[in-house]
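Protein chains: 2
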Amino acid sequence: MASSGAAKELQLQGLRTYEQEPRRSASLIVNSQEPFNAETPASVLSSSYLTDEDMFYKRNHGPIPILPDPSTYNLIVTGALPNPLSLSLDFLKSLPKYTVVATLQCAGNRRTEMSKVRKVRGVGWGAAAIGTAAWGGAKLSDVLKLAGVDHFSNVTAEKGRHVEFVSCDLCKEENGGAYKASIPLLHATNPEADVLLAYEMNGKVLNRDHGYPLRVVVPGVIGARSVKWIERIIISERECQGFFQQKDYKMFPPRVDWDNIDWQSRRPLMDFPVQSAICEPQDGVVVKSGDAVDLYGYAVAGGGRGIERVDISVDNGKSWMEAHRLPKLQVGSDGYEDDSQRPDWAWTLWELKNVNVETPCTVIVKAVDTAANVQPADVGDIWNLRGVLNNSWHK
Amino acid sequence: MASSGAAKELQLQGLRTYEQEPRRSASLIVNSQEPFNAETPASVLSSSYLTDEDMFYKRNHGPIPILPDPSTYNLIVTGALPNPLSLSLDFLKSLPKYTVVATLQCAGNRRTEMSKVRKVRGVGWGAAAIGTAAWGGAKLSDVLKLAGVDHFSNVTAEKGRHVEFVSCDLCKEENGGAYKASIPLLHATNPEADVLLAYEMNGKVLNRDHGYPLRVVVPGVIGARSVKWIERIIISERECQGFFQQKDYKMFPPRVDWDNIDWQSRRPLMDFPVQSAICEPQDGVVVKSGDAVDLYGYAVAGGGRGIERVDISVDNGKSWMEAHRLPKLQVGSDGYEDDSQRPDWAWTLWELKNVNVETPCTVIVKAVDTAANVQPADVGDIWNLRGVLNNSWHK
Ligand SMILES: [Mo]
Ligand SMILES: [Mo]
Chain S
178 MASSGAAKEL
188 QLQGLRTYEQ
198 EPRRSASLIV
208 NSQEPFNAET
218 PASVLSSSYL
228 TDEDMFYKRN
238 HGPIPILPDP
248 STYNLIVTGA
258 LPNPLSLSLD
268 FLKSLPKYTV
278 VATLQCAGNR
288 RTEMSKVRKV
298 RGVGWGAAAI
308 GTAAWGGAKL
318 SDVLKLAGVD
328 HFSNVTAEKG
338 RHVEFVSCDL
348 CKEENGGAYK
358 ASIPLLHATN
368 PEADVLLAYE
378 MNGKVLNRDH
388 GYPLRVVVPG
398 VIGARSVKWI
408 ERIIISEREC
418 QGFFQQKDYK
428 MFPPRVDWDN
438 IDWQSRRPLM
448 DFPVQSAICE
458 PQDGVVVKSG
468 DAVDLYGYAV
478 AGGGRGIERV
488 DISVDNGKSW
498 MEAHRLPKLQ
508 VGSDGYEDDS
518 QRPDWAWTLW
528 ELKNVNVETP
538 CTVIVKAVDT
548 AANVQPADVG
558 DIWNLRGVLN
568 NSWHK
Chain Z
178 MASSGAAKEL
188 QLQGLRTYEQ
198 EPRRSASLIV
208 NSQEPFNAET
218 PASVLSSSYL
228 TDEDMFYKRN
238 HGPIPILPDP
248 STYNLIVTGA
258 LPNPLSLSLD
268 FLKSLPKYTV
278 VATLQCAGNR
288 RTEMSKVRKV
298 RGVGWGAAAI
308 GTAAWGGAKL
318 SDVLKLAGVD
328 HFSNVTAEKG
338 RHVEFVSCDL
348 CKEENGGAYK
358 ASIPLLHATN
368 PEADVLLAYE
378 MNGKVLNRDH
388 GYPLRVVVPG
398 VIGARSVKWI
408 ERIIISEREC
418 QGFFQQKDYK
428 MFPPRVDWDN
438 IDWQSRRPLM
448 DFPVQSAICE
458 PQDGVVVKSG
468 DAVDLYGYAV
478 AGGGRGIERV
488 DISVDNGKSW
498 MEAHRLPKLQ
508 VGSDGYEDDS
518 QRPDWAWTLW
528 ELKNVNVETP
538 CTVIVKAVDT
548 AANVQPADVG
558 DIWNLRGVLN
568 NSWHK
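The listed protein sequences derive, respectively, from chains S and Z.
Those letters in the first sequence? Residues 178 to 572, per this note's numbering, in order.
Those letters in the second sequence? Residues 178 to 572, per this note's numbering, in order.
Be a bit skeptical, because a hint or two may be false.
Which copy? The list can't say, so a pair holds if one copy fits it or any two copies do.
Heads up, simulated DMTMM-like pairs for lysine to aspartate or glutamate below, C-alpha to C-alpha not over 20 Å straight-line [what the hints assert, rightly or not]: (1) K530 to D319; (2) K322 to D468; (3) K424 to E535; (4) K572 to E335; (5) K495 to D434; (6) K349 to D434; (7) K424 to D439; (8) K336 to E414; (9) K572 to D555; (10) K349 to E528; (11) K322 to D246.
These are computed hints drawn from the structure, not numbers from a lab.
Turn these sequences into a full structure, and let the hints guide you.
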């Protein structure tokens, strides 16, 4: 039994100390060192459609797990389903591979701006807790089909209605237990929703910071549901009862504060709303009156909705110009070449060049999505105690 | 051949005069008599989850077509597909029947408020160019499958990418030709999108004003795509080139006016954004300071998104209360009983009782959808020359 014990030691391990953290780029903007939370310099975001994996924002709740030997890893698929599975990495890689270009955004993106209105709890983030990558992996819907759950199922014979993802990321919010989250079964079994069990990021092996050896990618949904370092998938009758599903990542109105909050009164956030930000020039850059400035940024909507329009004002909202939406990256290798009808999971980068400004100048961006949803003008109207989903006009 | 000529006369007929209009309720609020455009008294909307078919808003572009003998009707399914069809009403009724509770909303709903900021073109509508019905019919995806187009197709072997619906509603905007519109093929062939060829409304035979004998219902999408009195379905390489797809029902920013419009620069509107309105008390009702008022209304979002929250202010936005969202009607007969994971195609009615008001009092409602999208505070920010999709805070 000694060898079995040794084999177990080699599996994916959650850690309790920060002594084995991966090396990271010195260019990241670090918001918290332990756990490591860092965002991308905004100008890096707008300079490339796909965000470099080393520069991609990193949102963690504990030390980065470690997998000394990939051959010892098994993904467990269990719970209220006909056919429980234990799947090796090699087996997962033998399934049809899909590459999905998807933007992930932390629900706390732009929290710092919200905190300026009234203090909110949570890691401070600028406008770069967001990034876009080409994720490669198996479709969750295919894996669940192997486990006996048909595509487009909203309930299993065993009464399962939710798909819970359990990582081995040990965090204080779960009292030292694992980070977890769930999505509805119909979302997970819908092949068109493109939920991936990803082992690749931008054509490379997923690195430790982003979930090596395997992570979930739920396109169009707040980053918190795209669980990294996944160890088990559990089909359950109830949605995940963990901290991050039940006591965080919900949207409350401004009148709710810590003394009158009722967590059960709200549903867990899934799709994020229409969003945009200016990446260049950075806040505080000095320009002279009459200068011609080039503006760059991103716009994105959750739920597969695309961006219809990006508006820019340099006179505090009195007049608006339309930004030029840059062509999106096409990933053709997986048969998604004509993607105009498919859900749009990834951001639109935009630019507006040679804009004459008068100082003092406040540049504002706002976007419209394909469902004609717009961003709210005033952050105060959407202020919430956890500081999530700040999608007010970005200045 | 005389009998064949006579049979043709009996088919669904577009008319050029208004001499054969159906009888209508005297309670409708008529915005235009010829063509007949009328909305529901707002208090009728909030008094019943399903809107009575006689009171449901009526949006027409010409005289109401007539079908003297239902046995002579055939729906033609043709174009870029393997297997063209001509289908009788009896055959369509023999296909699996689905009942979908869906809200239809005219893109011009609440146009009159937008016109107060700056004049827009189009029929004036209050906040009741909207209604909810239980639509019964065959799924378009099933009919297209019979025509040789698989579920979830985004292109046919014959290069078809769009599904055009041609009515026999003759209108001046088409120079006396038929009203028509299209949706993308993937939307039409997605059984989960619940696009219906409906022959029933609220359990009764569809009446002439609402499209007898057959209409399209595209849930979650502006009413203009739910073509009534449908005669032909054409699979095409291009989207519909008709007036209402190309030169109307598009969203422009406030800076675009009739002298600088470029219709080709925008896509046709599909999903509508998050919306809400106060139905009772009606505008102008006199209340005294200190009175307790009961408030009623609706909230709805397009694209299958549900309503997460409804906020009410009686002090012009300084403070907000949450309205009580009323239970939604469940239609269980078609296996849709657990609909919490399914797309939400129908409105949420809300109430807030015993609200103490100080006069003069402006009541405001705004809603949040399940993707955390919010309504814009200021109608001026979304003003557009055609006056479509006014979803600003309703006062
Ligand atoms: Mo997050
Ligand atoms: Mo309409």
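Hints, verified against the model:
In this assembly of identical chains, K530 and D319 lie within 20 Å of each other by CA distance neither inside one copy nor across copies; the values are 45 Å within and 49 Å between. Taking the closest pair of Cα atoms, K322 and D468 never come within 20 Å of each other, the shortest separation being 59 Å inside a single copy and 59 Å across copies. Taking the shortest Cα distances, K424 and E535 never come within 20 Å of each other, neither inside one copy (46 Å) nor across copies (37 Å). In the homo-oligomer, the alpha carbons of K572 and E335 never lie at most 20 Å apart, since the shortest distance is 50 Å inside one protomer and 48 Å across protomers.
Taking the closest pair of Cα atoms, K495 and D434 come within 20 Å of each other only across two copies (17 Å); inside a single copy the shortest separation is 34 Å, beyond that limit. Proximity of K349 and D434 under a CA criterion of 20 Å is satisfied in neither setting, with 23 Å inside one chain copy and 56 Å between copies. Proximity of K424 to D439 under the C-alpha cut-off of 20 Å is restricted to the intra-copy arrangement: shortest distance 9 Å within a copy versus 48 Å between copies. For a Cα distance limit of 20 Å, the shortest separation of K336 from E414 inside one copy, 6 Å, qualifies, whereas the shortest one across copies, 43 Å, does not.
With identical chains, the CA atoms of K572 and D555 are at most 20 Å apart both within one copy (11 Å) and between copies (18 Å). Proximity of K349 to E528 under the C-alpha cut-off of 20 Å is found in neither arrangement, the shortest distances being 42 Å within a copy and 41 Å between copies. Proximity of K322 to D246 under the C-alpha cut-off of 20 Å is found in neither arrangement, the shortest distances being 28 Å within a copy and 49 Å between copies.
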